[in-house]
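Asks: Below are the chains, spelled out letter by letter.
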Amino acid sequence: MTNAVELSQLRKEYKSFTLKDISLNVPGGLIMGFIGPNGAGKTTTIKIMMDMIKPTSGAVKIFGLDHTKHIKEIKNRVGYVGEDQFFYGDKTVAWTGKFVSEFYDNWDTNTFQNLLTEFVLSRTKKTSELSKGMKVKLSLALALSHNPELMILDEPTAGLDPVIRRDILDRFRSFVDDEKKTVLISSHITDDITRIADYVTFLVEGKIVLSEAKDDLLSKWKRIHYKEGALDETIVKSLTSRKTHMFAHSGVTDNYPALKDSLSEGMAKEQIKIENVNLDDVLISLVKGEQSCGF
Amino acid sequence: MKRNINSFALYLIVVFTMTGFMALGVNNELKLAYVIISGFLVILQIVGGTFINEQYEEKHKGYAFLSILPVKEKEIVAAKFCLALMTNVLFVGFLVLLFALSPSPPEEIALAQSYVLFMGVVSLTLAGLSYTGIFSIGYTKFAVIVMSFFVALGLVPMILMKSYQGRMDVLIDQILEFFAHLNWLVLIPAALAAYFGLMVLAVKVKSYRSFI
Numbered sequence: 388m389t390n391a392v393e394l395s396q397l398r399k400e401y402k403s404f405t406l407k408d409i410s411l412n413v414p415g416g417l418i419m420g421f422i423g424p425n426g427a428g429k430t431t432t433i434k435i436m437m438d439m440i441k442p443t444s445g446a447v448k449i450f451g452l453d454h455t456k457h458i459k460e461i462k463n464r465v466g467y468v469g470e471d472q473f474f475y476g477d478k479t480v481a482w483t484g485k486f487v488s489e490f491y492d493n494w495d496t497n498t499f500q501n502l503l504t505e506f507v508l509s510r511t512k513k514t515s516e517l518s519k520g521m522k523v524k525l526s527l528a529l530a531l532s533h534n535p536e537l538m539i540l541d542e543p544t545a546g547l548d549p550v551i552r553r554d555i556l557d558r559f560r561s562f563v564d565d566e567k568k569t570v571l572i573s574s575h576i577t578d579d580i581t582r583i584a585d586y587v588t589f590l591v592e593g594k595i596v597l598s599e600a601k602d603d604l605l606s607k608w609k610r611i612h613y614k615e616g617a618l619d620e621t622i623v624k625s626l627t628s629r630k631t632h633m634f635a636h637s638g639v640t641d642n643y644p645a646l647k648d649s650l651s652e653g654m655a656k657e658q659i660k661i662e663n664v665n666l667d668d669v670l671i672s673l674v675k676g677e678q679s680c681g682f
Numbered sequence: 009m010k011r012n013i014n015s016f017a018l019y020l021i022v023v024f025t026m027t028g029f030m031a032l033g034v035n036n037e038l039k040l041a042y043v044i045i046s047g048f049l050v051i052l053q054i055v056g057g058t059f060i061n062e063q064y065e066e067k068h069k070g071y072a073f074l075s076i077l078p079v080k081e082k083e084i085v086a087a088k089f090c091l092a093l094m095t096n097v098l099f100v101g102f103l104v105l106l107f108a109l110s111p112s113p114p115e116e117i118a119l120a121q122s123y124v125l126f127m128g129v130v131s132l133t134l135a136g137l138s139y140t141g142i143f144s145i146g147y148t149k150f151a152v153i154v155m156s157f158f159v160a161l162g163l164v165p166m167i168l169m170k171s172y173q174g175r176m177d178v179l180i181d182q183i184l185e186f187f188a189h190l191n192w193l194v195l196i197p198a199a200l201a202a203y204f205g206l207m208v209l210a211v212k213v214k215s216y217r218s219f220i
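Chains as they are written, first to last, in this note's numbering: chain A, 388 to 682; chain C, 9 to 220.
To be clear, the hints were calculated from the coordinates, so they are not data collected in a lab.
Just so you know, nobody snuck in bad clues.
If you want a taste of the chain C side facing chain A, the calculated C-beta under 10 Å gives, among others:
#1 64
#2 67
#3 69
#4 70
#5 71
#6 72
#7 73
#8 76
#9 79
#10 80
#11 81
Okay, derived cross-link-like pairs now, EDC-like style, lysine to aspartate or glutamate, Cα gap no bigger than 20 Å in a straight line:
#12 A:459 - C:81
#13 A:485 - C:83
#14 C:80 - A:460
#15 C:67 - A:471
#16 A:614 - A:648
#17 C:69 - A:516
#18 C:80 - A:489
#19 C:69 - A:477
#20 C:80 - A:453
#21 A:441 - C:81
#22 C:69 - A:471
#23 A:478 - A:489
#24 C:67 - A:477
We put the CB at the ideal spot given by N, CA and C, even for glycine.
Could you put the whole structure together from the sequences, leaning on the hints where they help?
Replies: This is the structure in structure tokens:
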């Protein structure tokens, strides 16, 4: 599987934030979820990839092309939807489509018209009169109408109601049904990533702290509930997000398959219970690390 | 450029018609007031056009919109510089031609033509400086600086009138002498070279500034 995106030692320094030499490969033909709390550096990374901001150091390759030399060709093959949508507000939806179409080699007017119809977007409406959800849909229609090979989505569902959110996520999922296409989607709404992503990358304070296939990750990360003394002390110390409840304790492990055998006796005696975690739990564990909470 | 092409065409029609009517209004004779106003129109339409264009881009976050499209920054900057140059050449050329058709004495026509050409060179340089300044510090900050500059510039006629009190004919003679001896074979290529240099600088400045 070739990589659609390769980031190497990417660094961006601001006064109050630094993206710290991140390296990441996004394999082609799947959906990579980019997860992190607000201010973790997701948008900075994506804006560097789109050449909207310049990195302090490091390199970006998209489709194997150096993005400093081939940005026009790359953008021709990439669809981008950002958290904020910018259009000329005094122009109509139809004008915007016509304007954007002239920049792309592979623009398909029929696809654009069909998407406008599907998204119930009025062609004669000024873009400034569109709601947030409608603007995202227009961005999506524009991004999909030039037959992109890679979609880069920066918090596209932020601020949208659940119905529109579900519609848009389904659209991303169907986009990669053609296995040559790739999606990189950033979000702090982990439910969205859980729903559609094949791979997940966690970014915390400007660093990539974890990058793995989602199913592998969720099979390794488990919450262990245990009664006092039921768990070996070394295992207890390895747990993150530790909590003490009224009758038991709990903590999250990132290495469940290796612990499984040693936990089986306690599980048989019902002194230990294993619970699946979601990506929110993983993110919280990664962000906060070990955490104790007395009851 | 594509965005503005319709309004640009309409604008040119309005300007040329207006100037044509002005020409008819002076009974085909070149009058000083008409020539002076024409020169200021040259500056107003190029520099004003630049500011209106950039105010529009800032209002709608146009550069953020353009930044996601497959277009290089130097192409965006070049399109803006080309539009200003085209407008300038068309308008100044139109005025030079209009003056040439006047039955006024040849030396007056030459002076009037020299004056509008000079204003064309000034306006082109101002447009180049404006784009470079706007790409460097943003439209709003640059507009404030320019407005302050124009307020200060308003003092120049007062200073001149005070300096030449009772000797205005000397000042007018000096101005006419200045326009009569401009070497256009040197000035026009120099102005174009400076404009091209400002365009290259504007591309560099813009590439270092995020409009997102």
